[in-house]
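S.K.: Chains as they are written, first to last, in the working numbering: chain E, 249 to 746; chain V, 122 to 336.
Estimated spans, in silico, between C-beta atoms of each pair:
hint	chain 1	residue 1	chain 2	residue 2	range
1	V	P166	E	P651	29 to 39 angstroms
2	E	V644	V	E179	28 to 38 angstroms
3	V	D221	E	T327	53 to 63 angstroms
4	V	E179	E	F734	50 to 60 angstroms
5	E	G640	V	P215	55 to 65 angstroms
6	E	A313	V	A292	24 to 34 angstroms
Derived lysine to aspartate or glutamate pairs resembling EDC-like cross-links, with alpha carbons at most 20 angstroms apart:
hint	chain 1	residue 1	chain 2	residue 2
7	E	K307	V	E318
8	E	K382	E	D474
9	E	K557	V	E216
10	E	K436	V	E318
11	E	K314	V	E179
12	E	K436	E	D294
13	V	K134	E	E579
14	E	K449	E	E464
15	V	K280	V	D196
16	E	K314	E	E641
17	E	K314	V	E176
18	E	K302	V	E318
19	V	K134	E	E362
20	E	K402	E	D373
21	E	K557	V	D237
22	V	K134	E	D334
23	E	K574	V	E126
24	E	K303	V	E318
25	E	K291	V	E318
26	E	K574	E	D334
27	V	K280	V	E216
Rather than coming from a laboratory, the hints here were simulated on the basis of the structure. As the structure is a prediction and not an experimental result, all values here were calculated from the model. Glycine included, C-beta positions come from ideal geometry on N, C-alpha and C.
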Amino acid sequence: MSITVIVQKHSMLVFSVFSVVKNWRLTEMQVQSMFFKRTASIKLDDAVLQHNMKKARSKFVDGRAKGMLDLDNLEDIRTAAAAIRDRALANLDAYLIEFERNAVRRGAQVHWAETAAEANRIVLDIARKNHIKKITKSKSMVTEEIGLNDELAKAGIEVVETDLGEYILQLAGEPPSHIVAPAMHKSKEQVADLFVQHHHKPRLTDISAMTREAREALRGHFLGADMGISGANFVIAESGTTLTVTNEGNADMVTTLPRIHVVVTGIEKVIGTMEDFATLIRLLPRSAVGQSIANYLTLTTGIKAPDEKEGPEQMHIVFIDAGRTKFVGGELQPMLRCIRCGACMNHCPVYQNIGGHAYGWVYPGPMGSILTPTYVGIENAGDLPNAATFCGECAVVCPVKIPLPDLMRKLREKQFDLALRPWSERMAIRAWGFAVQRPRFYALMSRLGARFGAWLGGRKKLIHRLPGLDGWTHGRDMPAPTGKTFRELYRARRAGRA
Amino acid sequence: MGARENILARIRKLQGRGGLTTQAELDQVRAAIAEHRAGPLPSMPWSDVVARFREQCERLLTTHDEAVSVNDVPDAVARYLQEHSLQTGVAGWPEFAALDWQGAGIAYANRPANGDDATGITGCFCAIAETGTLLLLGGAATPKVTALLPDTHITVVRKERIVRTMEDAFALMRAEIGEPPRATFFISGPSRTADIEQTIVIGAHGPYRVHVVLI
Chain E
249 MSITVIVQKH SMLVFSVFSV VKNWRLTEMQ VQSMFFKRTA SIKLDDAVLQ HNMKKARSKF
309 VDGRAKGMLD LDNLEDIRTA AAAIRDRALA NLDAYLIEFE RNAVRRGAQV HWAETAAEAN
369 RIVLDIARKN HIKKITKSKS MVTEEIGLND ELAKAGIEVV ETDLGEYILQ LAGEPPSHIV
429 APAMHKSKEQ VADLFVQHHH KPRLTDISAM TREAREALRG HFLGADMGIS GANFVIAESG
489 TTLTVTNEGN ADMVTTLPRI HVVVTGIEKV IGTMEDFATL IRLLPRSAVG QSIANYLTLT
549 TGIKAPDEKE GPEQMHIVFI DAGRTKFVGG ELQPMLRCIR CGACMNHCPV YQNIGGHAYG
609 WVYPGPMGSI LTPTYVGIEN AGDLPNAATF CGECAVVCPV KIPLPDLMRK LREKQFDLAL
669 RPWSERMAIR AWGFAVQRPR FYALMSRLGA RFGAWLGGRK KLIHRLPGLD GWTHGRDMPA
729 PTGKTFRELY RARRAGRA
Chain V
122 MGARENILAR IRKLQGRGGL TTQAELDQVR AAIAEHRAGP LPSMPWSDVV ARFREQCERL
182 LTTHDEAVSV NDVPDAVARY LQEHSLQTGV AGWPEFAALD WQGAGIAYAN RPANGDDATG
242 ITGCFCAIAE TGTLLLLGGA ATPKVTALLP DTHITVVRKE RIVRTMEDAF ALMRAEIGEP
302 PRATFFISGP SRTADIEQTI VIGAHGPYRV HVVLI
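Using the sequences plus the hints, can you model the full thing?
M.R.: As structure tokens, then:
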């Protein structure tokens, strides 16, 4: 089934889906994952996207491989990293309480939200109470998840994304397509057009010059904002510290310059100690982009001291559930180890071909295929656990050893049990299940299938069209079987040897 | 019940523990934290931390120079500014305000840098040889903005303050300061981005140049 997803190029409903995708706003209510198959087809036909994706692929994959060469005990470090995450997750409530105690002791205020709407309301209340006019943000997937920017904009507050990629997407009115490199689907020409439109300056196509132009455009916002919103890569229980990892230094600005700092993060991000962080940070930037370390590791703890001339007077930390506890305690709990490096998508053959937007929500690639169905309901993201070739590369590169293909398989089983897959697919799986439990019948059926396939293939031994399963042969030929089953060939070989 | 109680109760129920978080569980977590257990380190086939630090700085595009003592820092800074045709006005931490900047032809403003300062001068708490990283601890006398807003950031690193790993840096911080201050930040080379076509560009939002003066 999974291969069909990649290669199917249905043209039906192309136009209507295209308009949906174009007007996509990330709110909890508007998950577009149901359109995966159709959107994937559109993305396969998008020449610019295909070009941009191909360019990025080798940079991420080769970069990671090279970055890992420094770590001669990579497996030990991965095992330790998984254990660090598991330790906190196994006692998540106690770790969160310990974090809260220390954060409060240092002057921060800790808030809790069960839903996206509740989290948005908390942040909006903080902004209103403090008469906030302008907010700068550093990149946060959690705030994409809850649609925070739209809620703040609706209240008349100016929100400026400051990560260059997110800034570009804010100008374009598009969601990110990658969690680390959100604008990777855009070419520099597309970015140049956006800058002309919004900066009203002569068109630049030199990437350094364009970056400088964006830097100059954002400087004023950094210095003029009265509130900064960041996410957190981790929060450290021992000291009540939240931390962000960036290359640009924008999180440093956002957490230092405004008078109020709001951290919006998931309840699963807690770790015990700074030593735990030191282990994880050996893996995070290497897994993401192959860097031995990110340029800025920004640890923030509490509010400014009375004698300090910089730093926030208020620090708020908003912990969000919004579906995370659906992973707790069950067989999907290992997913909560995720440190959001993006290696799974960078190495996924499906993602490499269609990019992030086809997945229809914040988290693309293998991680999205598990997070999205669980967060927003498996009935709203039917194709995602099937959007895989099960090549297993995502599990191989995952820095915290999440068995991603196994988790997708569990979701597929759940879909089957809930009768969420198409009738024909379920019948086919049931029929297969019936056959494999009856060896003689199975042998007969496979003999018939092999003969029929060989006949279909003809002299060229290629099947152009499989009746009833044309998804497999749409756009490519299937090599025909030889006409003999494995058992027949095996028996013949043993007889020959004897 | 509020969101906090609901979330915590849900976690416990789903993990088969039920009820409220017990004092014993909290004590157990605190005891585990108090161990500050370090994870496995990669083998580091180098023993000279200063040489390793220099080498890693180069990898990160951090430039470096050497001064005999702290009194020679103004001359080293002047040399660097001249080489790069940069303005001679700098804003810096109080730690270095008493040095003879005038003699080196530099106007040293003893205050936090603002958006108009071209160069910021800071010290650092310690530096990490493994990755060529600087650890700065923000405070009234060590403002973070000075390392962040100017186009050029010059840091003075004392060789005896170069440790091997981040684990060592945290241990040193714990021993000398206790808890992490509000702004605890690691800098590894100049600000960069690769958000347009995965092409690395130096100077995204922070400094274009990071220069280390080793003493």
